[in-house]
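Chains L and Y, in that order, are what the protein sequence lines are.
In the numbering used here, each residue carries its 1-based index in the first sequence increased by 3.
In the numbering used here, each residue carries its 1-based index in the second sequence increased by 58.
Hints in this document: simulated from the structure, not taken from any laboratory.
Among the hints, erroneous ones may be present.
Said to hold, decoys possible - Here are the simulated SDA-like cross-link-like pairs (lysine to any residue), alpha carbons at most 25 Å apart as the crow flies:
hint	chain 1	residue 1	chain 2	residue 2
1	Y	K330	Y	I315
2	Y	K304	L	M164
3	Y	K175	Y	G128
4	Y	K333	Y	S263
5	Y	K231	L	L41
6	L	K155	Y	G215
7	L	K133	L	T97
8	Y	K152	L	Q119
9	L	K167	Y	V168
10	L	K71	Y	L208
11	Y	K304	L	L162
12	L	K71	Y	A285
13	Y	K231	L	L162
To be verified - From chain L, some residues computed to sit far from chain Y (all C-beta separations above 12 Å):
hint	residue
14	S108
15	E135
16	K167
What the hints assert, rightly or not - Here are some of the chain L residues that sit facing chain Y, going by a computed Cβ distance under 8 Å:
hint	residue
17	G53
18	V56
19	L65
20	G76
21	D77
22	R89
23	P94
Each residue gets a CB set at the ideal place from its N, CA and C atoms; glycine is no exception.
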Amino acid sequence: MSKKMLIVFLLMTIPTFAADSQWVLKQSTLTYHVSHPLHESEGVSHAARGKGVCHDGQCDFLIAVAVKSFDSGDSSRDLHMVQVTRGAEFPIVTVRTRLPESAASSETINADLEIQFAGRTAQYKKVPFKVEKQGGETHITGTIPATLSDFKIDPPSLLTMPVKNDIPVRVDMTWRPQ
Amino acid sequence: MLKNGQCNLNAFLRFLAICLLLQVAPSVVAQTTTGVVRGTISDESGQPVANASVTATSIDSGQKQTANTGTDGTYKLDLPAGNYRLTFEATGFKTFEISSATVSATVPEVLDGKLEKGEPVNGKPAATQQDNLPNAPSSSTAPSLSDLGLTPEQTQGNPREQALLDKRTHMLKIHQRMGLITTIPLIATVVTSLNAGGKNTSTASRDLHTALGGLTGDLYCITAYYAIRAPRVPGTETRGPIRFHKIMAWIHGPGMIATPILGIMAFDQRNKGEKVHGIAQAHGPVAIVTAGAFVAALLSVSVKF
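Model the full assembly from the supplied sequences, consistent with the hints where possible.
The structure is reproduced here in C-alpha cells:
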C-alpha cells in the first residue's frame with residue numbers, strides 16, 4: 004500500500020470516529036418522595052454516576068446510583084429504606100435509556116427508561132424531561148413516576164399505616180460532552 | 059365492692075391480654091409459616107414445557123428446594139416465607155433466572171417463566187423483558203457499570219447484610235407495635251392515678267392503678283427488649299428524629315424502673331393509712347416525666363415537626 008493510499012484511508016476513517024461522542028454526568032441530584040398519612044419525607048442522593056455513548060446518531064445512556072447513598076435526614080429511616088428496597092442485596096439502581104443525538108438540542112425530551120431496582124426491572128415510557136443548555140453543559144430536569152409496586156416492594160408502614168404506593172423521583176442532572 | 063372491683067380488673071386484664079395477642083401474633087406467625095410459589099413454564103411460542111426443573115434458593119440461608127413441572131407446564135413449591143432466587147431449567151432451553159422473589163405466608167406468589175431455546179447458561183440471569191423497549195440500549199455501544207468506574211465490590215449484593223437488615227426491621231416493627239400497645243395502659247394508668255392517691259380513694263381504685271402500672275411496666279419491658287436486641291448496622295451514625303427518640307429513651311427508661319419502686323412505697327404508706335411521705339412523694343412527678351418522655355419519643359418518629 005502506497006503512502007498516498009494510506010493517507011486517503013486514514014482521512015476517510017476520521018469522520019467515522021469523530022461521529023462517535025460521549026457524555027459524562029457532571030453532577031446530579033436525585034430525590035425520592037414518600038407520602039405517609041402522618042408526614043411526607045424525601046431522600047436525596049448526589050452520588051449518581053452516568054455516561055452516554057453515541058453512535059450512528061443514537062446515544063445509549065447509563066446512570067447508576069447506590070441505594071445507600073440516599074439521605075432522608077433520619078438514619079433509621081434510611082436503613083429501613085435500604086431494607087425494604089433490598090438495597091444490601093441489590094446495591095445499585097440503574098437507569099438505561101436510548102436517545103437520538105439531536106435530543107440534546109431540543110427543549111424537552113420524552114425518554115423511555117428502563118430501571119433496575121430492588122432486583123426488578125421496570126420500564127417507563129415517554130417520561131418528559133426539560134432540557135436546558137448552559138454553556139457547554141446540558142441541564143436535564145424531570146420526574147420519574149415510579150411506584151413501589153413497579154418493583155414489587157411492600158409498602159413500609161409506620162404506626163401500622165403504610166406509605167403511599169407512589170414514590171416519584173425528581174431528577175436534576177448536568178451532562179457534559181466528552 | 060372489692061370483689062366487684064377485682065372481677066372488673068380481671069376482665070379488663072384479660073381484654074388487654076387478648077388485644078396484645080391479636081397485635082403480636084401475626085408477626086410471630088409470619089416467621090414460622092410457609093408460603094406458596096406456583097406458576098407455568100412455557101416456551102417462546104407459549105407452549106407449556108413439561109419436566110422443567112424449578113429451583114428456589116433461599117437468599118437468607120442458601121437452602122434449595124426443587125420441583126418439576128407437569129405435562130401442563132405448571133409447578134408448585136411450598137417454601138418457608140422469605141426471599142428466594144428462582145432458577146428454571148429444561149433440556150434444550152436456556153436457563154432462566156428470577157434474581158429475587160419474596161414468598162409471603164399470606165398471598166401465593168405466581169411466577170411464570172418463558173424459556174428460550176438454546177444451551178443453558180449457568181449463573182447468568184436471562185434478559186427478562188429487556189428487548190420489549192422500542193429504544194432499548196444496544197448491547198454493542200451501551201456503557202456498562204465498569205465504564206462508570208464502579209468496582210465489583212460496589213455492585214455485588216451482600217445477602218448477609220440484607221438478612222441483618224431484615225432482622226432489624228422485623229424486631230423494630232414489633233418494637234413499634236408494642237410501643238403503641240403500651241401507650242394504652244400507660245394512659246389508663248395516668249388517668250386512674252387521679253383516684254389512687256387521694257384521702258377518700260378506695261383500695262380498689264389503688265389496686266386498679268397498681269395493676270395498670272404493672273401491665274404498663276411489663277409491656278414496656280417487651281417494647282424495650284425489641285429495640286435493644288435489634289441488630290446494629292456497623293458504620294451507621296445516628297441522625298435525625300431517631301436521635302431524639304433515643305435520647306428520650308434515656309429518660310423514660312430509668313423512669314420506668316423508678317416509677318414502680320416509688321409507687322410500691324407510696325402504695326404501702328397509703329394502705330397503712332399514712333400520708334405519702336419521703337421519697338415516695340416523687341412517684342407522681344417521676345411518673346409524669348416518664349410518661350411525657352415516652353409520648354415524646356413516640357411522636358418524634360411519627361410526626362414531622
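Here is what the structure says about each hint:
| no. | hint | result |
| --- | --- | --- |
| 1 | K330/Y to I315/Y | 24 Å, holds |
| 2 | K304/Y to M164/L | 22 Å, holds |
| 3 | K175/Y to G128/Y | 19 Å, holds |
| 4 | K333/Y to S263/Y | 17 Å, holds |
| 5 | K231/Y to L41/L | 17 Å, holds |
| 6 | K155/L to G215/Y | 18 Å, holds |
| 7 | K133/L to T97/L | 21 Å, holds |
| 8 | K152/Y to Q119/L | 22 Å, holds |
| 9 | K167/L to V168/Y | 24 Å, holds |
| 10 | K71/L to L208/Y | 14 Å, holds |
| 11 | K304/Y to L162/L | 17 Å, holds |
| 12 | K71/L to A285/Y | 22 Å, holds |
| 13 | K231/Y to L162/L | 9 Å, holds |
| 14 | S108 | 18 Å, holds |
| 15 | E135 | 23 Å, holds |
| 16 | K167 | 15 Å, holds |
| 17 | G53 | 7 Å, holds |
| 18 | V56 | 5 Å, holds |
| 19 | L65 | 4 Å, holds |
| 20 | G76 | 5 Å, holds |
| 21 | D77 | 3 Å, holds |
| 22 | R89 | 6 Å, holds |
| 23 | P94 | 6 Å, holds |
In the structure shown, no violation is registered for any of the earlier numbered hints.
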